[in-house]
Amino acid sequence: MTTDLDLQSAIAALDEYGYDKKVSTDLEQARNKQQMGKYIKSLDYSLRRLLILQETVNELVEEKKHQLAQQENIQTYKTKIINLSREFNISYDEVLALMSACKSKN
1 MTTDLDLQSA IAALDEYGYD KKVSTDLEQA RNKQQMGKYI KSLDYSLRRL
51 LILQETVNEL VEEKKHQLAQ QENIQTYKTK IINLSREFNI SYDEVLALMS
101 ACKSKN
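According to the numbering used here, the sequence shown holds residues 1 to 106 in order.
Have a look at the derived ranges for each label pair, beta carbon to beta carbon:
1. Ser42 <-> Asp6: 32 to 40 angstroms
2. Thr76 <-> Ala101: 17 to 25 angstroms
3. Tyr45 <-> Gln8: 41 to 49 angstroms
Below, a list of computed lysine to any residue pairs in the SDA-like style, where the Cα atoms sit at most 20 angstroms apart:
4. Lys78 <-> Cys102
5. Lys38 <-> Asp26
6. Lys103 <-> Asp93
7. Lys78 <-> Leu96
8. Lys65 <-> Gln54
9. Lys80 <-> Asp93
10. Lys80 <-> Tyr92
11. Lys33 <-> Asn58
These are calculated hints, taken from the structure and not from any lab test. The beta-carbon is built from N, C-alpha and C at its ideal position, and this holds for glycine as well.
Can you build the whole structure from these sequences, using the hints too?
Spelled out as structure tokens, the structure:
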């Protein structure tokens with residue numbers, strides 16, 4: 001019987017923990033605009049600090065966009081090299097070596 005009570009207590013505690021996580025005003029738990037807005041309001045920042053936060057977030061967003069664009073360009077470049085290797089029936093490394101040799105001649 002005590003095992004059942006212990007199990008029920010453990011399940012109840014986990015449920016309560018999950019509920020607390022869902023209604024928490026922690027930024028890590030925020031998954032939408034409303035939750036993030038609620039968290040930011042709870043910080044009670046002055047206009048000056050909010051503007052600094054906005055500028056920082058904008059910079060981070062631009063940095064992330066730049067990183068994603070770079071990754072996309074690299075993947076496109078690798079795909080083109082793979083396609084060339086298939087077209088000419090040579091290895092990926094051979095294509096790179098040929099490209100490097102052509103570049104050093106120029």
